[in-house]
Amino acid sequence: MQRRGFLALGGPGLAWAARGGRRPADLCGCALAPQPAGSNAFEGLRSGVAISGLKVFGVSLTRDSDRPYVFVKIETDQGVVGWGEGTLEGKAGAVMACVNDFRDFLIGADPMQVEHLWQSMYVQSFYRAGPVMGSAISGIDQALWDIRGKVLGMPVYKLLGGPIDARGVRGYYHTNASTRDELAKLRETAIQQGVSCFKAGIPGYYEWIETNAKIRRAVASLQTMREGLGPDIDIAIDFHAKTSPSVAQILVKEVEPLNLLFIEEPCPPENVAAMARIARHSTTPIATGERLVASYGCRELIEMGVIDILQTDINHVGGITGLWKAASLAGISGVSMAPHACEGPIGGLATLHVDAALPNFLVQEICGQVRPSAQDKIWEEWFGFPAMRMVDGRFPLRDRPGLGFELSEASLAKYPFGGTRPMARAFHEDGSVAEW
Amino acid sequence: MSMVTAHRRARLESFLAAQVAVAVSAQTANLEIDELRLYPVREPVSGRAWTVVRVGTRSGLAGYGECAHASSDDLAAAQRFWLARPATSYASAPADSPLAGAIDMALLDIVGKVAKAPVYRLLGGPTRSKARAFASAEGVGAGVKRAIEAGYRAVGVRVPAPAARNQGQAYQVELRKLVETVRSQAADFVLEGEGLLTPGDAASVAAAIQSLHPLWFDEPTTIGSLETLRKIADESVAPLGFGRDIRHAGVFQDLLRAGSLDVARPDILHFGITGSRRIAALAETYYVAVAPRHEGGPIATAAALHLAASLPNFFIQHIPLPAAAEDRAMRAQLAGGDLERVKDGFASLPNGPGLGVTVNEAVLEKYHAA
Numbered sequence: 051m052q053r054r055g056f057l058a059l060g061g062p063g064l065a066w067a068a069r070g071g072r073r074p075a076d077l078c079g080c081a082l083a084p085q086p087a088g089s090n091a092f093e094g095l096r097s098g099v100a101i102s103g104l105k106v107f108g109v110s111l112t113r114d115s116d117r118p119y120v121f122v123k124i125e126t127d128q129g130v131v132g133w134g135e136g137t138l139e140g141k142a143g144a145v146m147a148c149v150n151d152f153r154d155f156l157i158g159a160d161p162m163q164v165e166h167l168w169q170s171m172y173v174q175s176f177y178r179a180g181p182v183m184g185s186a187i188s189g190i191d192q193a194l195w196d197i198r199g200k201v202l203g204m205p206v207y208k209l210l211g212g213p214i215d216a217r218g219v220r221g222y223y224h225t226n227a228s229t230r231d232e233l234a235k236l237r238e239t240a241i242q243q244g245v246s247c248f249k250a251g252i253p254g255y256y257e258w259i260e261t262n263a264k265i266r267r268a269v270a271s272l273q274t275m276r277e278g279l280g281p282d283i284d285i286a287i288d289f290h291a292k293t294s295p296s297v298a299q300i301l302v303k304e305v306e307p308l309n310l311l312f313i314e315e316p317c318p319p320e321n322v323a324a325m326a327r328i329a330r331h332s333t334t335p336i337a338t339g340e341r342l343v344a345s346y347g348c349r350e351l352i353e354m355g356v357i358d359i360l361q362t363d364i365n366h367v368g369g370i371t372g373l374w375k376a377a378s379l380a381g382i383s384g385v386s387m388a389p390h391a392c393e394g395p396i397g398g399l400a401t402l403h404v405d406a407a408l409p410n411f412l413v414q415e416i417c418g419q420v421r422p423s424a425q426d427k428i429w430e431e432w433f434g435f436p437a438m439r440m441v442d443g444r445f446p447l448r449d450r451p452g453l454g455f456e457l458s459e460a461s462l463a464k465y466p467f468g469g470t471r472p473m474a475r476a477f478h479e480d481g482s483v484a485e486w
Numbered sequence: 229m230s231m232v233t234a235h236r237r238a239r240l241e242s243f244l245a246a247q248v249a250v251a252v253s254a255q256t257a258n259l260e261i262d263e264l265r266l267y268p269v270r271e272p273v274s275g276r277a278w279t280v281v282r283v284g285t286r287s288g289l290a291g292y293g294e295c296a297h298a299s300s301d302d303l304a305a306a307q308r309f310w311l312a313r314p315a316t317s318y319a320s321a322p323a324d325s326p327l328a329g330a331i332d333m334a335l336l337d338i339v340g341k342v343a344k345a346p347v348y349r350l351l352g353g354p355t356r357s358k359a360r361a362f363a364s365a366e367g368v369g370a371g372v373k374r375a376i377e378a379g380y381r382a383v384g385v386r387v388p389a390p391a392a393r394n395q396g397q398a399y400q401v402e403l404r405k406l407v408e409t410v411r412s413q414a415a416d417f418v419l420e421g422e423g424l425l426t427p428g429d430a431a432s433v434a435a436a437i438q439s440l441h442p443l444w445f446d447e448p449t450t451i452g453s454l455e456t457l458r459k460i461a462d463e464s465v466a467p468l469g470f471g472r473d474i475r476h477a478g479v480f481q482d483l484l485r486a487g488s489l490d491v492a493r494p495d496i497l498h499f500g501i502t503g504s505r506r507i508a509a510l511a512e513t514y515y516v517a518v519a520p521r522h523e524g525g526p527i528a529t530a531a532a533l534h535l536a537a538s539l540p541n542f543f544i545q546h547i548p549l550p551a552a553a554e555d556r557a558m559r560a561q562l563a564g565g566d567l568e569r570v571k572d573g574f575a576s577l578p579n580g581p582g583l584g585v586t587v588n589e590a591v592l593e594k595y596h597a598a
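Protein chains in written order, with this note's numbering: chain A, 51 to 486; chain B, 229 to 598.
Excised from the complex, chain A in its bound form (with noise of 0.2 Å):
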């Protein structure tokens, strides 16, 4: 009985596949027929621009870098291109193939109806989106706000209603400075430069529960950050959620005299509860969102009073879309903006856009020294201007449509995608899993 029918469900459905249609076979009794995508319900509202292309591309700056760039590339049948960033570390690959599994979505689309195919891409997905799917969809999000400026006229920032401030985008720089004279050093380039604040990490790794030894290491490098510092330069301290709950709010208790801009994932990020203990312990900002996907994904540590400061990523949360949304949210709450940014140059840029339209904006990263490196050569080889480098402390904005840059293809082929690599691993003197 069960056999018969199977064989009447599979013969329609095999006939549909020779014609060339996509319904799927329906073995399980749930699949929909699928309506072709754009139908006839925008007929007369559409821009008359539509999608004719989808590329993507694996951009490694060394053969074996862990961090693989995912850039997106989407064409239109009027010459108008847009690009965006989906670069997600250790999972370049299947970034890669998440954004061509949404081909079908995009091609012959009009690219000026972000918000719908947006909502397409996450909704019809069914799955909702973990970190793969928001980092396809923030790349290709990216893209289409590149085209929409392009087809407009306007950069990206104003079709958000910015600039808030003119001067540009207030950012900080990552430092490894920890001893007292390279502190020194750096105190002297900053003010040099008009850099207003750094970010460092926390050293070392942490155990569940942590010894008296380990807990006063970690709070003397912080106490010699702000000393070597100085009073007026901000200092953010990236826990990295190395620390669990436990060790973590005895940290945070005890650096709270040194005004710590804020301290970023003092616990990992699944548990809202778990940080929010953490944050009931002390009045420094507590700082989070680079893992989360998606507004829904910061819902809760955002209505919970849990964190002063968001740092969702344009790059996993969904975009330019993904971000305005969340940052909508955390300013409803008086959360401030602190987004996350250290992976490739496009993500960079649209970032700045979504920032200089934000009311609740704080503080932008860049996972870059305060020296340029060669990385920042390299970026300013392909676009023609130094990417993500800060003039008197911000970044600046320009005034060209879309993402304001031009990027060719033959720029990035002298980086050839090198292939996926895991990320680095940390164990225990036990050798046990240590988070990093």
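FYI, nobody ran anything at the bench for these hints, they're computed from the structure.
All residues carry an ideal CB built from backbone N, CA and C; glycine is no exception.
Any given hint could turn out to be false.
What the hints assert, rightly or not - So the derived list for chain A, only partly shown, Cβ under 8 Å to chain B, looks like this: (1) I259; (2) T261; (3) N262; (4) K303; (5) C317; (6) R327; (7) T333.
To be verified - Computed footprint of chain B on chain A; a stretch qualifies when at least three of its residues, placed anywhere within it, have a C-beta under 8 Å from a C-beta of chain B: (8) 286-296; (9) 464-474.
To be verified - 27 Å max Cα-Cα, derived DSS-like pairs, lysine-lysine: (10) B:K373 - A:K264; (11) A:K141 - A:K105; (12) B:K405 - A:K303; (13) A:K375 - A:K208; (14) A:K464 - A:K105; (15) A:K264 - B:K405; (16) A:K303 - B:K459; (17) A:K264 - B:K571.
Starting from the known structure of chain A, arrange chain B on it as the hints suggest.
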């Protein structure tokens, strides 16, 4: 290794694996439980008592576990449930039996022996190569010294017994002095409250010692109202450990949800390996570590070490370290001297299939607690 050798070795290994698979399925057929026995034992000097449970199968395998006290009625009920059931069905154990923890250990011991694998491997480990350990010091001076000399780097020290409810300044001074004495002898310590303090006193003690960074404050008070415990957790950052009075896993869930628990301490004699693993899985979602309570004998120590090597969120294992040499000798004779040996603060994982313990039944008879 040449390609040819590698290829040959791979073939040989797959052949051996097939042999093992056959052996296992043949023996599984004879794994019905046909014996369940209790051996109540007692350390001669300290009087610390526990019950060894022996489970036998039709195929002639024996597995051992430990629980606290169990009555003859409890034994009869357990026999009604377990006799003729297969030893592999350890997950079906009724949680409310006082023998549950012991039977869980014994069945895993048997399953490990059948599979010729240590229990931690059955459970997907090892997640670590050794297990951090601490011992409770009986008396600050000599007790701490004994633990350090035995290879421990962390000790448990009991709070001074309060003279009455709602202690004041004098008690705080005494406590600080105690903690400083311990600090001068051993870097790391667990402050053991043993439920002796009122919630108010527990909160003041936690606040007073938080900057001295004990590993955690254990059993700061007895578990009563959850809101009372939450107040202690809210008033300081000293990590809190609970488990002594907990007989239902749901209590751990309540404490975690209230944000009042930093170290989950399921009693290994009560929850066994499997019950503790379930609690650890819950604690993991709160980024909270597990440090099982253990006031039993060396078989439970072995079980706890296998548990530690099966968990991602194990932190430290309490191992009873009796003050009297005679008691320590009894434990060593019962299950072998290496099992409870600690070096540089860590215990080694037991070797051998199952729990990796060869139980000396003559010792069980000799120290029978009538």
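Results of checking the hints against the structure:
{"no.": "1", "hint": "I259", "result": "holds (5 Å)"}
{"no.": "2", "hint": "T261", "result": "holds (5 Å)"}
{"no.": "3", "hint": "N262", "result": "holds (4 Å)"}
{"no.": "4", "hint": "K303", "result": "holds (5 Å)"}
{"no.": "5", "hint": "C317", "result": "holds (5 Å)"}
{"no.": "6", "hint": "R327", "result": "holds (4 Å)"}
{"no.": "7", "hint": "T333", "result": "violated (14 Å)"}
{"no.": "8", "hint": "286-296", "result": "holds (count 3)"}
{"no.": "9", "hint": "464-474", "result": "violated (count 0)"}
{"no.": "10", "hint": "B:K373 - A:K264", "result": "holds (23 Å)"}
{"no.": "11", "hint": "A:K141 - A:K105", "result": "holds (18 Å)"}
{"no.": "12", "hint": "B:K405 - A:K303", "result": "holds (24 Å)"}
{"no.": "13", "hint": "A:K375 - A:K208", "result": "holds (17 Å)"}
{"no.": "14", "hint": "A:K464 - A:K105", "result": "holds (17 Å)"}
{"no.": "15", "hint": "A:K264 - B:K405", "result": "holds (22 Å)"}
{"no.": "16", "hint": "A:K303 - B:K459", "result": "holds (17 Å)"}
{"no.": "17", "hint": "A:K264 - B:K571", "result": "holds (21 Å)"}
The structure fails to meet hints 7 and 9 from the earlier list, while all remaining hints are met.
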